[in-house]
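Asks: Protein sequence lines, in the order shown, are assigned to chains A and B. Numbering of the first sequence is given in the working numbering, commencing with residue 1 and proceeding in unit increments. Numbering of the second sequence is given in the working numbering, commencing with residue 228 and proceeding in unit increments.
There could be a bad hint or two in this list.
[To be verified] Okay, derived cross-link-like pairs now, SDA-like style, lysine to any residue, Cα gap no bigger than 25 angstroms in a straight line:
1. 192(A) x 165(A)
2. 86(A) x 466(B)
3. 192(A) x 127(A)
4. 86(A) x 422(B)
5. 192(A) x 208(A)
6. 86(A) x 255(B)
7. 86(A) x 229(B)
8. 86(A) x 251(B)
9. 86(A) x 462(B)
10. 86(A) x 256(B)
11. 86(A) x 44(A)
12. 192(A) x 133(A)
13. 192(A) x 35(A)
14. 192(A) x 83(A)
15. 86(A) x 425(B)
16. 86(A) x 423(B)
17. 86(A) x 427(B)
18. 86(A) x 375(B)
19. 86(A) x 230(B)
20. 86(A) x 231(B)
21. 86(A) x 418(B)
22. 86(A) x 313(B)
23. 86(A) x 420(B)
24. 192(A) x 33(A)
25. 86(A) x 311(B)
26. 86(A) x 112(A)
27. 86(A) x 228(B)
28. 86(A) x 102(A)
29. 86(A) x 257(B)
30. 86(A) x 426(B)
31. 86(A) x 458(B)
32. 192(A) x 94(A)
33. 192(A) x 213(A)
34. 86(A) x 253(B)
35. 86(A) x 306(B)
36. 86(A) x 441(B)
37. 192(A) x 177(A)
Keep in mind the hints are simulated off the structure, nothing from the lab.
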Amino acid sequence: MIELTDVSKTFTLHNQGSTVIEVLSDVSLSVQPGECVALTGVSGAGKSTLMRMIYGNYRAQSGQIVVDGVDVAQAEAREIIALRRKTLGYVSQFLRVVPRVPTLEVVAEPLLAVGVSLAAAQNQARALLSQLNVPEPLWGLSPTTFSGGEQQRVNIARSFVYAYPAMLLDEPTASLDAANREVVLSLIETAKRRGAALVGIFHDEAARARVCDREVDVSQFTPQRAA
Amino acid sequence: MTPLLSVQGISKRYGPHIGCADVSFDLYPGEVMGIVGESGSGKTTLLNCLAGHLPPDEGAVLFDTRVDGLRDTVQMSEPERRMLGRTDWAFVHQHARDGLRMGVSAGGNVGERLMAVGARHYGDIRASALDWLARVEIDTGRIDDRPTTFSGGMQQRLQIARNLVTGPRLVFMDEPTGGLDVSVQARLLDLLRGLVRDMGLAAIIVTHDLAVVRLLAHRLMVMKSGFVVETGLTDQVLDDPQHPYTQLLVSSVLQV
């Protein structure tokens, strides 16, 4: 489902003395449907960078990143947009929304984008919000003023409302209490059972051990930097 | 799939000065493309060339017309291009008063575009106008008031209603949220996003506001001194800019 071959990434900071930073080189990784792979490695090893490259958010310097037959490293913008709409979900650490839009609409949006009717989309959104213990009086309000944990749960609800065949999870259990952490882990397990291919970053070791089938240490792909 | 709009090598010079140079891209139905760059980078010149408001010196702007398929709108006769401007195309000006008739009622402003494509039944026209005023969140009780009595944000929403009432397939927008205060901006962005999704509109939005393009545009084109220096997915261009100018632009945004 997700297939990376010889992927490398450098950042060139043109306005800061044209500094070139090599972040990753020769990354190869393969994730099968129903499998969850954890990315590990010290902070700065390039875990999030790798995940963003799979999502098409960062550009790869070389190599192939094939998700469901689409090479994200080469694809046209519209192909990546279609891939993100139908195939590839991403739970980021931050919720980015249009101000003023109610939580219920924020969560229902991925379903509306694939053509689900408004009523059906909102029903699913309600079910997921209550499963994640977001208090009902908040559903009609914009999430911009919510607490960190509430925003994170809205973010997770938004990503799990549609059954993406492939998902990227960037610290999905961060800033959650025990009960909500449990809900998120069961959502991940359900996604695995229906055959989704998952790639995740988990600093929460117990969570990682529970949902992930194997670990890939990203440091092995990090070029040695001059000290 | 046929692109809705195929822009090929558009250039426009003002004497020795370059307006925009050799711009090419394809836009597909339902796609929103943002054009960003500093003042004088040629983004408005480009938009005006695409929308037929300015004749380009070189290049072609092919549009997938309903009847004849792809046609070069630069070579079209003026009446044909005007017809396109009233039906499949819409143009939202930065200043609402450039896109509205200020001496005509709000309902008249919306109805006029319908009459231009042949609507004659007064009741139907008024019903459409009421429907559209409600969709852009203007109190329908104001239908007989002139836009001169409206606030800036209401005028902008009225301009959008007037433009979209004929069900265009492509909307050109020049700084649609420029000059509006932030609360009104957010409301307008939300409205535009909903309309783009529900009507399957394609749009080209010129702006210098990177936050606006992040929320509205799928794709981004960055211009500098008349040239396109970078294109790509909006979040990719903003989060991992490759060109020195884009890096400067992105890193210059003030954090709130």
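Asks: Hint by hint, which ones does this structure get wrong, listed from lowest number up?
Replies: Hints 8, 11, 18, 22, 25, 35 contradicted; others consistent.
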